[in-house]
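Undergrad: So the protein lines, in turn, are chains A and B. Using the numbering used here, the first residue of the first sequence is number 1, and each one after it goes up by one. Using the numbering used here, the first residue of the second sequence is number 1001, and each one after it goes up by one.
Just so you know, these hints were derived from the structure itself, not from any lab. It is possible that part of the hints are untrue.
Computed list of lysine to aspartate or glutamate pairs in EDC-like fashion (alpha-carbon distance at most 20 angstroms, straight line) [claimed, not checked]:
(1) A:110 - B:1304
(2) A:100 - B:1058
(3) A:50 - B:1290
(4) B:1336 - A:105
Computed from the model, here is a short list of chain A residues facing chain B with C-beta under 7 angstroms [stated by the list, open to error]:
(5) 73
(6) 76
(7) 82
(8) 88
(9) 90
(10) 93
(11) 102
Since the structure is predicted, the reported quantities are computational estimates derived from the model, not experimental observations. All C-beta atoms, glycine included, are put in the ideal place defined by N, C-alpha and C.
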Amino acid sequence: MLSIKDLHASVNGKEILKGINLTVNAGEVHAIMGPNGSGKSTLSSVLAGKETFEVTSGEVTFMGRNLLEMSPEERSWAGIFLGFQYPIEIPGVTNVNFMKSALNEHRRQKGLEPISSAEFLKLMREKMAVVEMNSSFSSRGVNVGFSGGEKKRNEIFQMAMLEPKLAILDETDSGLDVDALRIVATGVTKLKRPDNATIVITHYQRLLDYIVPDVVHVLYNGRIIKTAGKELALEVEKRGYDWLINA
Amino acid sequence: MHRESDMEDNYIYAPEVRIRDSAEFRCRVPMQDTEQQFLVDGRLESDAPLSSGYVSSDNGVCFSLGRNEKSGKVLQMISVRHDSALERLSFRNEIRLAENSSAKLLLCSHTMTLDRYITEETVDMTLDEDASLDLVIMQNEHNDAVHRTVFNISMKRGARLNMCLVSLHGGEIDNKVKVNLDGEHCECRIGGLYLVDGSQRYSTDVRMNHNVPYCTSNQLFKGILDDNSSAEFSGIVYVAPDAQKTEAMQSNHNLLASDDARIDTRPQLEIYADDVKCSHGATVGRLDEEAAFYMRSRGIASREARILQQLAFVHEVLERVGNVELRERLSSLVEKRLRGEFSRCSNCSRNCC
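Whole structure, please, built from the sequences with the hints as guidance.
TA: Okay, here's the thing in structure tokens:
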């Protein structure tokens, strides 16, 4: 599904990603862990197409297409979803209008008619239930005045609405209390299917108690320095990163 | 820098209607409970029957309500320029609300052909004790039209005004608003929205005189400027030496959608009383790139993301329009305008807006 080869990326002339190699297949859950400043968020932003990062070399193929040539919206239409570490507030744009615009654009790309209002509201209610979101959020401005937990739930709700092939969840667990973490993680698990894949970027093992990864990578200084099974996450939790960095 | 144009340069306002030959000239998509009057080149259209409250003259129209009269309907006055009179036109309209009366008014101005029109309009408004007025002004003309309006507003004790100026389109629009709060406990709210692109010019000059104590005023003007357009906002809140307990708020926010658009904004306070709450502020900003990326990452194309942000920006002003049906109509016209489409009411062939 996703193949990253020797990816280098920089911001303001400073190289952050220094040769990433990663392959993700349908049905898999990958976790990317690593200390602060290792390049985890940069990797997710580059995959989503954020223009502040410059890809200096390397290849990224998604479903057989050259991802690096695609605009952020084209990546979304192709099935990439980025769950933001810090979801953006958009005052004046209601959650309903935001999601309706997004969903209808996805439908248009597939040659489908815009969704009817009744169908849309039904779908929205159904998907809000996945993350136990109150329907009052639908008429509020996107993320405006939402608590940290509510913002993250809203991310997973959007993911449920758009049904991406590859979801990249950037520190979705940061700032969550135990209950919110459970709700968000359960939501992600419910959305899992044999034909989609997830990359979970996290600092901590605790999210991985709920979203069990098939593969765990440790990112350090712009490179993946270790790849192993889910037991790697537990080992990192116990021993930290130093033993890997100094290895 | 490559940039997609939203409010397009080639926006052309191209109506075909010929008013004088038409037996009936009315807005084809009227709102519920709305009574319409047409003012063609400053004269009340003779075919239309005069309702109570209107007094016609050769040079403008006077709308007045007597003591305790409450008008339930929205009174819509549609002022159009037509090629039967191409010379510079000046006229004066009057709105007089007697004690404890209330009215809802919608004033629209349009140009029916692409000729060059220069319109100078004076609107004198008097709100007597406890009178209440909801007023929406919609200006939707074309690139070669110049429209200058002076609003002289006088408010007596306990009067209430909620005014919203929506300047959708015009070559040069100039709105001067002068308010005298002459009686205690007046409440004056003025919202303004201006959308300019191409080489259009917009200016607004508000003078809010708090002449007596215990009045509140609230002004919110917002504008989106694209291409080479320019706008000016100048606002003075004056608080007289005895006008204690005044509460006055004034703000002007602008969104520059291009590198060449220009805004000059001058909010000013002139306060001679010491027990008052006054604030003013002005901002000039650009579209938020982070928010645009967020929307694009959800599949909303960049042009659509810009339009959604622009709509969100002006939403705050339109929210001030109390009549829900009218607010939705205005929102849809604003949206069409931002999309570079004709900002006309749907299902109408009359093309007046």
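Undergrad: None of the hints should be skipped; say for each whether it holds.
TA: Evaluated hints:
Of the supplied pair hints, the one linking residue 110 (chain A) and residue 1304 (chain B) holds, its CA atoms being roughly 18 angstroms apart against a limit of 20 angstroms. The straight-line distance between the Cα atoms of residue 100 (chain A) and residue 1058 (chain B) is roughly 51 angstroms, outside the 20 angstroms bound, and the hint therefore fails. Annotation: proposed proximity of residue 50 (chain A) to residue 1290 (chain B) holds, straight-line Cα distance about 9 angstroms (limit 20 angstroms). Only pairs whose Cα atoms come within 20 angstroms are accepted, and residue 1336 (chain B) paired with residue 105 (chain A) is accepted, the gap being roughly 18 angstroms.
Below 7 angstroms, beta-carbon pairs count as interface contacts, and residue 73 (chain A) has one with chain B at about 5 angstroms; its hint therefore holds. With a least beta-carbon distance of about 4 angstroms to chain B, the hint placing residue 76 (chain A) at the interface is held under the 7 angstroms criterion. The closest approach between the C-beta of residue 82 (chain A) and any C-beta of chain B is roughly 5 angstroms, which is under the 7 angstroms cut-off, so the hint is satisfied. Given hint, residue 88 (chain A) at the interface with chain B, holds; its Cβ is 4 angstroms from that chain's nearest Cβ, closer than 7 angstroms.
The beta carbon of residue 90 (chain A) comes within 5 angstroms of a beta carbon in chain B, closer than 7 angstroms, and the hint placing it at the interface holds. Evaluation of the residue 93 (chain A) hint against chain B yields a held restraint, the C-beta minimum of about 5 angstroms falling below 7 angstroms. Given the 7 angstroms rule on beta carbons, the hint for residue 102 (chain A) holds: about 4 angstroms separates it from the nearest Cβ of chain B.
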